[in-house]
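Asker: Place chain B on chain A using the hints.
Number of protein chains: 2
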Amino acid sequence: MEQILEMAKRAKMAASALATLSSPKRKAALLRIADNLERRENEIVTANEKDVEEGKKKKLSNAMIDRLILDSERISSMAAGIREIAEQPDPVGEVTRMWTRPNGLLVGKMRIPLGVVGIIYESRPNVTADAAALCLKSGNAVLLRGGSEALESNLAIGRIIQGSLSEEGVPEEVVQVIPIADRNAILVMVQLEDYLDLIIPRGGEGLIRFVVENSRVPVIKHYKGVCHVFVDESADLEMAQAICVNAKVQRPGVCNAMETLLVHEAVAEEFLPKMVEKFRELGVEIRGCSKTQALCGKDVVPVTEEDWPTEYLDLILSVKVVAGLDEAVSHIEKYGSSHTESIVTKDYANAQAFLRRVNSSVVLVNASTRFSDGQQLGLGAEIGISTTKLHAFGPMGAQDLTTTKFIIFGEGQVRTP
Amino acid sequence: MEQILEMAKRAKMAASALATLSSPKRKAALLRIADNLERRENEIVTANEKDVEEGKKKKLSNAMIDRLILDSERISSMAAGIREIAEQPDPVGEVTRMWTRPNGLLVGKMRIPLGVVGIIYESRPNVTADAAALCLKSGNAVLLRGGSEALESNLAIGRIIQGSLSEEGVPEEVVQVIPIADRNAILVMVQLEDYLDLIIPRGGEGLIRFVVENSRVPVIKHYKGVCHVFVDESADLEMAQAICVNAKVQRPGVCNAMETLLVHEAVAEEFLPKMVEKFRELGVEIRGCSKTQALCGKDVVPVTEEDWPTEYLDLILSVKVVAGLDEAVSHIEKYGSSHTESIVTKDYANAQAFLRRVNSSVVLVNASTRFSDGQQLGLGAEIGISTTKLHAFGPMGAQDLTTTKFIIFGEGQVRTP
Chain A
0 MEQILEMAKR AKMAASALAT LSSPKRKAAL LRIADNLERR ENEIVTANEK DVEEGKKKKL
60 SNAMIDRLIL DSERISSMAA GIREIAEQPD PVGEVTRMWT RPNGLLVGKM RIPLGVVGII
120 YESRPNVTAD AAALCLKSGN AVLLRGGSEA LESNLAIGRI IQGSLSEEGV PEEVVQVIPI
180 ADRNAILVMV QLEDYLDLII PRGGEGLIRF VVENSRVPVI KHYKGVCHVF VDESADLEMA
240 QAICVNAKVQ RPGVCNAMET LLVHEAVAEE FLPKMVEKFR ELGVEIRGCS KTQALCGKDV
300 VPVTEEDWPT EYLDLILSVK VVAGLDEAVS HIEKYGSSHT ESIVTKDYAN AQAFLRRVNS
360 SVVLVNASTR FSDGQQLGLG AEIGISTTKL HAFGPMGAQD LTTTKFIIFG EGQVRTP
Chain B
0 MEQILEMAKR AKMAASALAT LSSPKRKAAL LRIADNLERR ENEIVTANEK DVEEGKKKKL
60 SNAMIDRLIL DSERISSMAA GIREIAEQPD PVGEVTRMWT RPNGLLVGKM RIPLGVVGII
120 YESRPNVTAD AAALCLKSGN AVLLRGGSEA LESNLAIGRI IQGSLSEEGV PEEVVQVIPI
180 ADRNAILVMV QLEDYLDLII PRGGEGLIRF VVENSRVPVI KHYKGVCHVF VDESADLEMA
240 QAICVNAKVQ RPGVCNAMET LLVHEAVAEE FLPKMVEKFR ELGVEIRGCS KTQALCGKDV
300 VPVTEEDWPT EYLDLILSVK VVAGLDEAVS HIEKYGSSHT ESIVTKDYAN AQAFLRRVNS
360 SVVLVNASTR FSDGQQLGLG AEIGISTTKL HAFGPMGAQD LTTTKFIIFG EGQVRTP
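Chain order of the listed sequences is A and B. With the first letter of the first sequence counted as 1, position 410 gets the number 409 in numbering that gives the first Met the number 0; the numbers rise by one all the way through. With the first letter of the second sequence counted as 1, position 246 gets the number 245 in numbering that gives the first Met the number 0; the numbers rise by one all the way through.
Just chain A, same shape as in the assembly (with noise of 0.2 Å):
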């Protein structure tokens, strides 16, 4: 407790100084990082190899052990994001807007930090680094506080982080990993609202749910991606399959995979059939409407209720035959996260009202919704995604990490009235 309670303190102190530091002197710092993990790499190795040994002994499962471990690959592509998120614009001092009143003054908004950010997550420790570097990019302090799997290797990359400020003349206590694996620390940290300005959990929804109802602290999260494609009358169908198979057998235990599909059903008799075979050998358990039962015969699961706003993380795919766009929408709607959704479509209209009708926090027009991801939208990295429409919504780089204030020159003006 009063560990945690000290690291927070140091870290408002140095978000404090780190605020007014200049914009090549924190990409320097970046760069340093980048290098210093490249060159470090078998430090990082050895206490990653600790972990991943007591993951073994805990039976862990092969995808936590496989989302566990870092290689010299794995480190490579840490330090290349790291190098990504320094070369972009510096979103610290930029004006975002200004105008002039008619007495005068000259008003504008100018990006700040946000202060200290706490980021509380699960076993990738790759998040270690990235979020380290966002928050540095951003001029924040950071808390980290990661799964206690991966606690070795978070370590040794924090030293690692810590290390490369120091050589750049920044204070160490930017970054800081709570070296506590215990859930109590989570409870302490999410208390700490006078030394914290926001908090980011990255994981489960168990954990999730755990911050949220803890917290005295701003929290941004999403509890799951519930995510639909949604293949039009006019879909060019060979797009459509494309799409859906990405969106659902690339990588299905994340967050932007598709979990619903829905299809027009003016071309479901030509395109459902062909899909489901292709998905039956991909292994892709099918749970459809009476309509699909109908058209891909008794394979097809038939769907109940409760799987449409389910979010499987796996191979499993919810289908459904609807009569247009407005029936998809209000699926969307009824049943949806808010996360991502997608149209295949050739029909200028109607991709246009899509994009206009969907509030979630992406929303695409012909492509595949694994898309949804800080990375693949150029942001360099991701800080995490939002699904709640406070302060961000979708997936948050750099800028999502500041706010704005106003600044406001004047030649002497006193208001009247």
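Take the hints with a grain of salt, since some may be wrong.
[Unchecked claim] Pairs of lysine-lysine residues, derived as DSSO-like cross-links and limited to a Cα-Cα distance of at most 30 Å, are as follows:
hint : chain 1 : residue 1 : chain 2 : residue 2
1    : B       : K108      : A       : K223
2    : B       : K11       : A       : K333
3    : A       : K333      : A       : K345
[Said to hold, decoys possible] Anything over 12 Å on all C-beta distances counts as not near chain A; from chain B, calculated:
hint : residue
4    : P101
5    : I111
6    : N125
7    : S147
8    : G162
9    : D196
10   : E232
11   : K273
12   : E276
13   : L294
14   : G296
15   : V300
16   : E305
17   : L389
18   : R414
Just so you know, the hints here were simulated from the structure itself, not pulled from any lab data. Ideal Cβ positions, reconstructed from N, Cα and C, are used throughout, including at glycine.
Answerer: Chain B alone, transformed into the frame defined by chain A:
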């Protein structure tokens, strides 16, 4: 309870219809509201007279009665504010950025409404019209819960707004005034996390703390405004005196009035005695540091540690002589409320340093703190002021009631890897 829940449900449905209502439609509705408020002025005045009479029976202070009164002039000014909002560019649908990814995806960010906004406020009935207009402009439905002392006035304004919406074919549930005056209405409202996207409380610190402590819906708020003016060594001292008088005296009971004056020691002897004399004439009590006492004589009350963070909302002022910019900035960091601070200076570097280093929501050079106000800054009106950095910081206009979604145009792109 049941009634407020029903209102919230209807608001959510109305918000969904409103989100796709065209910009000219929303503009026409705003202009209709402005016209009808003026045309049906008598209804408002009659309702308002009941509130005022009731208020006098309850022995409300003169200041509260004054805030409550609506006359022809104030109603015209309400209508003028709405017309100004109507003429502003429409924030909804604005694409704030757009860029192309190497794979050809065209990625943009489009402004969309938040959904349903709840406003909880005290005496001033003009908030009903301002808040309704800003929400309508930004495509949000709104639930308005004003103070019991203004209930009849608020209901009358609400009826006129709903009538105007109907005349323009906009669902009247977009703007609803909660007709229940007791505090339980607030308690019910702040629990409706499934229907409300944001709550903005406006009023005294007690009301705001009550909302924050009980709300499950995100809250944007500010508790108090402890605003500072720093008179730098190089200040034009006449300008400094005019700014200080305006900031302290023009309307001492509001959050953007100056509460603390910081004076550079190099000009203290020249500036402070005259300034304090002027304040004395204007009836301002001075609570000064030892140097201020030494310079300005025995009428200066010794300031205490408790005074520095105090929002007097009255003709009282804390005064401190400081060694320079650094001490001024440190003092503001330690005792300020992140609301509004101003520097009076002729020095370019100090102006820039103050703007950069002070991270309050509004930072001014050579202008009165009283300009920290949505109307004054050109936002048309303000829905509130935020002194927390998440989502919005400073006076909030219609644009601050939106968020952005990602819109992505593809030609069949799928993700690898």
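Asker: Taking the hints in turn, state whether each one holds.
Answerer: Okay, the hints, checked on the actual structure:
{"no.": "1", "hint": "K108/B / K223/A", "in the structure": "holds (22 Å)"}
{"no.": "2", "hint": "K11/B / K333/A", "in the structure": "holds (13 Å)"}
{"no.": "3", "hint": "K333/A / K345/A", "in the structure": "holds (25 Å)"}
{"no.": "4", "hint": "P101", "in the structure": "violated (9 Å)"}
{"no.": "5", "hint": "I111", "in the structure": "violated (5 Å)"}
{"no.": "6", "hint": "N125", "in the structure": "holds (15 Å)"}
{"no.": "7", "hint": "S147", "in the structure": "holds (29 Å)"}
{"no.": "8", "hint": "G162", "in the structure": "holds (28 Å)"}
{"no.": "9", "hint": "D196", "in the structure": "violated (6 Å)"}
{"no.": "10", "hint": "E232", "in the structure": "holds (17 Å)"}
{"no.": "11", "hint": "K273", "in the structure": "holds (17 Å)"}
{"no.": "12", "hint": "E276", "in the structure": "holds (19 Å)"}
{"no.": "13", "hint": "L294", "in the structure": "holds (24 Å)"}
{"no.": "14", "hint": "G296", "in the structure": "holds (27 Å)"}
{"no.": "15", "hint": "V300", "in the structure": "holds (26 Å)"}
{"no.": "16", "hint": "E305", "in the structure": "holds (19 Å)"}
{"no.": "17", "hint": "L389", "in the structure": "violated (5 Å)"}
{"no.": "18", "hint": "R414", "in the structure": "violated (4 Å)"}
When the structure is compared with the earlier hints, violations turn up for hints 4, 5, 9, 17, 18 and for no others.
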